[in-house]
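Peer 1: Here are the chains, one letter per residue:
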Amino acid sequence: MSPSESSRVKTMSPLQTIAPPVTVFVVLTLLAEGVVRLGGVPPWLLPAPTQVFAAMWQQRESLLQALGSTALAAGLGFFMATLLGVSLAIALASSRLVQRAFYPYAVFFQTVPIVAIAPLLVIWCGYDIRATIAAALVVSIFPVIANTLTGLRSTDPALVDLFRLYGAGPWATLWKLRLPAALPSLFTGLRVASGLAVIGAIVGEIFIAGGLGARMKEAQTWGRTDVVFAAILLASLLGLVMFAMVNLAAALTLRNWHASEQG
Amino acid sequence: MPSAPALDKASAPATAVALALRGIGRTFPTGVVAVEDFDLDVPAGQFLALLGPSGCGKSTLLRLIAGLDVPDAGRFDPPPPTTGLAYVFQDAHLLPWRTVLGNVALPLELAGVTDEQRQQRARDAIAQVGLTDALDRYPAQLSGGMRMRASLARALVTEPKLLLLDEPFAALDEITRQQLDEQLRRLWHQRAMTVIFVTHSIGEAAFLAQRAIVLSPRPARIVLDHEVALPDQRSMELRSSPAFAAQTGVLFAALQRGSQ
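Keeping their order, the protein sequence lines are chains A and B. Using our numbering, you'd call the opening residue of the first sequence number 1034 and step up by one each time. Using our numbering, you'd call the opening residue of the second sequence number 58 and step up by one each time.
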């Protein structure tokens, strides 16, 4: 009975984690630089990476301000999608009837294009960050609901029996069994939602106001393709950071027990 | 019936529970008749093995006794206890986010036992199954045998009067399985509890039980109600003795008869 085999956890140094994607980034950047310079592509069509970085540096103040505003909208939208999504999933999982009655309306959030409801969000929230937060929330809530619900619905039936045998009520069963058991699924939903929240915030900003989205639209009308690219780059970085934060939270929460977090 | 366990002779009849099944039947919504008109008396403190082929309805019987399923015919007289009952599943089914200690303390936690008390009682139960070294480990860090020991400790921590086990060691290797069989037998000796052990292993039924009931394929019917004629103190060596072979021979013949 040697537990050492089952407890073996492969750990990677930060360098091993970061080196491959950074290498890909550097190689692709150099390649783009070469193609644009040697091919004589005009900057308004496709700026060289160095031009994009230059534009980013030149407009650093306004871009950073825009990034902050987008990060706030995406972050708050994501946070609210998490709270609301998990609560709704718990409500939906409470009975088959409730699920059958309300789940189709949850799917609504998945199918409705954000572009179509942006005008409504403006009517309700005004031309300000609240509308952008709402856009991020609407776009990112469905994967949270769907994945949490799947997790809540797939609790080990033997453990449900065990809780019943020991006289656990519905609340104890929810807090001590079903919700913790749903955590891996919940985090899967949050990973998807973290990226969607950034998309929702940017699309919202393009239609509403402020942030990287508005900056992209402005730069486009001025023909500053390099600034558009700089904003896209920052938006991608924001998405990456949010994704990494969800991954970190998942790793810390599940480090002891879930196979997907080991090795 | 072989003499009551030495350690708790006086308290055994007082705390262990007796069971009586009268004409119990269970038909699933799919139309499958799992159990039909089943009668069984289990005296308090007995170690009973239910031996039968896979899918014969023995697990259904156990679930009915545990109250996890409701019979649609017959009755229990007296009804099985709703407290003081513990159940061990075929796999360990531990909570992966809790340590061994946290898992074993769970039944006490759900029963509202104070933190200090449940720590102590959980530690005692863990010591009894020989898992003290692994107290703070998570299930993912344990071998299959250790997980089953933790599962057993979780069942014992409530000091059950009735212990139900549904092929608990079936997934383990033979050596680990025999070790756990011996340990379970010892634990039963130390405590006042009625044990019903469901298995499809003839050797396991003969080694563990005072009384073995051989069941036919579905719907479960009693082919043989056999008092195991082996000494009360049983060690690993017993398995290679002629007396043990004679017992398994009787059970094997009954299993064959039942399957015809």
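Watch out, some of these pointers could steer you wrong.
[Unchecked claim] Using C-beta positions, here's what the derived DEER-type ranges look like: (1) B/295 - A/1200: 37 to 43 Å; (2) B/100 - A/1288: 45 to 51 Å; (3) B/293 - A/1048: 51 to 57 Å; (4) B/282 - A/1116: 47 to 53 Å.
Rather than coming from a laboratory, the hints here were simulated on the basis of the structure. Glycine included, every Cβ here is placed at the ideal spot set by N, Cα and C.
Peer 1: Hints first: check each against the structure and report whether it holds.
Peer 2: To see whether the hints hold, each was checked on the structure:
1. At about 39 Å, the CB distance of residue 295 of chain B to residue 1200 of chain A agrees with the hint of 37 to 43 Å.
2. Take residue 100 of chain B and residue 1288 of chain A: their Cβ atoms lie about 49 Å apart, and the range 45 to 51 Å holds.
3. Separated by about 53 Å at the C-beta atoms, residue 293 of chain B and residue 1048 of chain A satisfy the suggested range of 51 to 57 Å.
4. For residue 282 of chain B paired with residue 1116 of chain A, a C-beta distance near 59 Å fails the hint of 47 to 53 Å.
Of the numbered hints listed earlier, the single one contradicted by the structure is hint 4.
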